[in-house]
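A.B. asks: Make the full structure from the sequences, and use the hints.
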Amino acid sequence: MCEGTPIVIPVTAAQPVYVDTDAVVGWSQQLTTTLHRSRSVGSMVRGGSGEAVQLMLQGEGFVIVRPSWACPRRRRADFE
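In this text, residue positions in the sequence shown follow the numbering used here: the first is 1, and each later residue adds one.
Since the hints were made in silico from the structure, they are not lab data.
Cβ-Cβ distance ranges computed for the label pairs, FRET-style:
(1) S28 - T5: 17 to 25 Å
(2) F62 - D22: 13 to 21 Å
(3) R37 - T5: 23 to 31 Å
(4) I64 - L35: 13 to 21 Å
(5) A13 - S68: 25 to 33 Å
(6) I7 - E60: 13 to 21 Å
(7) E3 - T32: 24 to 32 Å
(8) T32 - V8: 15 to 23 Å
(9) E3 - E60: 25 to 33 Å
(10) T21 - G59: 17 to 25 Å
(11) H36 - F62: 16 to 24 Å
All C-beta atoms, glycine included, are put in the ideal place defined by N, C-alpha and C.
C.D. replies: Have a look at this one:
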C-alpha cells in the first residue's frame, strides 16, 4: 500500500541509486539491479535508510518509490 504520491528518482550511469527493497514500486527496464548489503550499523545510523539490504540501480532511467507506508485503520473494537 502506498500513502502519498510516488516519488520518481532519476538514475544516471555516473550516479547509481540505492533504495529500500520494501519501498520500490518500479524502475526503467534498461536499468541494472543488484542487491547491496550495508557494511555496518554505523552506515545505517549516519544517514542510511536503516535497511540491511538495499536495491542498487545503475544505468540510464528512473526508479519509482513509495514515500511512506499506509497504516491500516484500526477499528474501534481493536482498542476495547
